[in-house]
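If you read the protein sequences in the order shown, they are chains A and U. Under full-length UniProt numbering, the first residue of the first sequence is numbered 1, with each subsequent residue one higher. Under full-length UniProt numbering, the first residue of the second sequence is numbered 1, with each subsequent residue one higher.
No lab work stands behind these hints, which were simulated from the structure alone. Watch out, some of these pointers could steer you wrong.
[As the list claims (entries may be wrong)] With a straight-line cut-off of 16 Å between C-alpha atoms, the simulated EDC-like cross-links for lysine to aspartate or glutamate are: (1) Lys93/U <-> Glu107/A; (2) Lys187/A <-> Glu208/A; (3) Lys138/U <-> Glu142/A; (4) Lys138/A <-> Glu142/U.
2 protein chains.
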Amino acid sequence: MHVMVIGAAGMIGRKLVERLAAEPGALGYEVTRLTLVDVVQAPVPATLSATSTAPAVDLSSEGGAERLIASRPDVIFHLAAIVSGEAEADFDKGYSINLDGTRSLFEAIRHEGRNGPYFPRVIFASSIAVFGQPFPEKIGDEFFTTPLTSYGTQKAICELLLADYTRRGIFDGIGIRLPTICVRPGKPNKAASGFFSNILREPLVGQEAVLPVDENVRHWFASPRSAVGFFVHAARMDTASIGPRRNLTMPGLSALVGEEIEALRRVAGEKAARLIRREPDPVIASIVAGWPTDFDARRARELGFTAESNFDEIIRIHIEDELGGRI
Amino acid sequence: MHVMVIGAAGMIGRKLVERLAAEPGALGYEVTRLTLVDVVQAPVPATLSATSTAPAVDLSSEGGAERLIASRPDVIFHLAAIVSGEAEADFDKGYSINLDGTRSLFEAIRHEGRNGPYFPRVIFASSIAVFGQPFPEKIGDEFFTTPLTSYGTQKAICELLLADYTRRGIFDGIGIRLPTICVRPGKPNKAASGFFSNILREPLVGQEAVLPVDENVRHWFASPRSAVGFFVHAARMDTASIGPRRNLTMPGLSALVGEEIEALRRVAGEKAARLIRREPDPVIASIVAGWPTDFDARRARELGFTAESNFDEIIRIHIEDELGGRI
Numbered sequence: 001m002h003v004m005v006i007g008a009a010g011m012i013g014r015k016l017v018e019r020l021a022a023e024p025g026a027l028g029y030e031v032t033r034l035t036l037v038d039v040v041q042a043p044v045p046a047t048l049s050a051t052s053t054a055p056a057v058d059l060s061s062e063g064g065a066e067r068l069i070a071s072r073p074d075v076i077f078h079l080a081a082i083v084s085g086e087a088e089a090d091f092d093k094g095y096s097i098n099l100d101g102t103r104s105l106f107e108a109i110r111h112e113g114r115n116g117p118y119f120p121r122v123i124f125a126s127s128i129a130v131f132g133q134p135f136p137e138k139i140g141d142e143f144f145t146t147p148l149t150s151y152g153t154q155k156a157i158c159e160l161l162l163a164d165y166t167r168r169g170i171f172d173g174i175g176i177r178l179p180t181i182c183v184r185p186g187k188p189n190k191a192a193s194g195f196f197s198n199i200l201r202e203p204l205v206g207q208e209a210v211l212p213v214d215e216n217v218r219h220w221f222a223s224p225r226s227a228v229g230f231f232v233h234a235a236r237m238d239t240a241s242i243g244p245r246r247n248l249t250m251p252g253l254s255a256l257v258g259e260e261i262e263a264l265r266r267v268a269g270e271k272a273a274r275l276i277r278r279e280p281d282p283v284i285a286s287i288v289a290g291w292p293t294d295f296d297a298r299r300a301r302e303l304g305f306t307a308e309s310n311f312d313e314i315i316r317i318h319i320e321d322e323l324g325g326r327i
Numbered sequence: 001m002h003v004m005v006i007g008a009a010g011m012i013g014r015k016l017v018e019r020l021a022a023e024p025g026a027l028g029y030e031v032t033r034l035t036l037v038d039v040v041q042a043p044v045p046a047t048l049s050a051t052s053t054a055p056a057v058d059l060s061s062e063g064g065a066e067r068l069i070a071s072r073p074d075v076i077f078h079l080a081a082i083v084s085g086e087a088e089a090d091f092d093k094g095y096s097i098n099l100d101g102t103r104s105l106f107e108a109i110r111h112e113g114r115n116g117p118y119f120p121r122v123i124f125a126s127s128i129a130v131f132g133q134p135f136p137e138k139i140g141d142e143f144f145t146t147p148l149t150s151y152g153t154q155k156a157i158c159e160l161l162l163a164d165y166t167r168r169g170i171f172d173g174i175g176i177r178l179p180t181i182c183v184r185p186g187k188p189n190k191a192a193s194g195f196f197s198n199i200l201r202e203p204l205v206g207q208e209a210v211l212p213v214d215e216n217v218r219h220w221f222a223s224p225r226s227a228v229g230f231f232v233h234a235a236r237m238d239t240a241s242i243g244p245r246r247n248l249t250m251p252g253l254s255a256l257v258g259e260e261i262e263a264l265r266r267v268a269g270e271k272a273a274r275l276i277r278r279e280p281d282p283v284i285a286s287i288v289a290g291w292p293t294d295f296d297a298r299r300a301r302e303l304g305f306t307a308e309s310n311f312d313e314i315i316r317i318h319i320e321d322e323l324g325g326r327i
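In isolation and in its complexed conformation, chain A is listed as follows (with noise of 0.2 Å):
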């Protein structure tokens, strides 16, 4: 099978080529060919040097889409997006990139299909950004996406698209609404999000963090680690139980950050607990208010999607893939 990951330099992108490069049999069938596309080249784990190419394409530049989907691959993870924050402060670069990019895509496979028949599995990473407040106090699988975000639009319409392309024969997809990814692994970023990670990442190898909020702000957290099983699972299921809604809110665990700091320090101790600094900074927690704090995951859940319950198990996780097993 021809394996195509987009986006494949990204976090994720790279997390899941790592997983396939430890555990060739993940997806359920022999991957023969692997393409890492991103706008630069994405690196490439050694053991998947014989079969793979990573190519720098621009899904948004003009006939990049067309050139990809000319290899006829089976499976394609769709990962490439311009991030929340980008997609605010630049409108046309938000829309090209996650809306017309996205499209283009979708509309190359529909093409390629008149070359003779075609119908590859799309796994498209979305978000939780889909959603605006007010919100109930759990979302459940059929509340509305009212996202008050230009990113969150731009997710929404192609899980729209997503959804009629499946409907319609051209390709058998499935959206991945992806929890905020803790630990976040790297340095420290501006992203209003950064804390949740930092206030884990950085006690746990003895730095100081900030934590901007109060202690009992509620969030919805899934591990790197767990993120990359949605995508696993989602090209390895059978379709045919999701029927016509495409779209699923992935499973996460709903914890306050309080709870965090708790497991930190069962984890790691009353030291690297004491290595957070609180700077209430009111402008990010006017940001995070207006964030979803709680699902009702049911439908991923009962189709086999799976997530962290606790932060112990999170803290445990970061521990393994980012800091060799010990702290």
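With chain A held as given, fit chain U onto it using these hints.
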């Protein structure tokens, strides 16, 4: 105020213009200029001929939207669309007109804003086709949009765009999700929903009509007069109270086909009711079985939108507006 009606040659467009002609103060302000746009030249009522133009413009054509918006209309009714059946039969045409045409209009408004402050009100005709089965008994205002047609997908996408462009201050948008319009004037057509109107309209003028489904089929209705009323209200209301959720399911009447027939019997007598010929059509019955049957349109009612509460009223409106008040 400069008012533009796009889709002015369609059934609701024509009735909206007739209302503006009959009641010049309907919108709560003086209409100093009226532009009636359609792909063909729209009819201009004699009393409005001094202030009106009727350019034939295709919104999806290159530069079409920009030319229209260069005249800086203050209020834009966007009613133009390819209908459901055609959008399903012709994938490219449906997306081109229903999605790209609407997006061109929204983009033209955004670009016109660079030539000087410009903030028109945009009233967009959406549809209950944004919903897809299975449904709860009554579809509430927070039920998700999972359309099962490309038409419904295109309308749902335009709703998302309208909300985002409004949130970003580009225009003041309202999406009007119309019930099935009944009694639809004109001749019987081949639309699967045609019989809902045919079985009233034809017997009222002594003609036979075919009923292809069972009398216990339930559906969601409003008269053409109510539909025009929705658009007029959307053009004159204070939009501050709507908030960011700009797409509203309009109120309507949930009724059985049997209730339609009883109302016909009450208003026009047994002789009229006997003109309905039962000819069960399993294909039509199965299409209709997938349609919504009832809504709790609370938000729209609270915002002042109103519709009929029984079928006697719907039939009387048809007699007044289409048959000169007499049968």
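Against the structure, the hints:
1. Lys93/U <-> Glu107/A: 14 Å, holds
2. Lys187/A <-> Glu208/A: 12 Å, holds
3. Lys138/U <-> Glu142/A: Answer holds: Lys138/U to Glu142/A is near 13 Å, not above 16 Å.
4. Lys138/A <-> Glu142/U: 13 Å, holds
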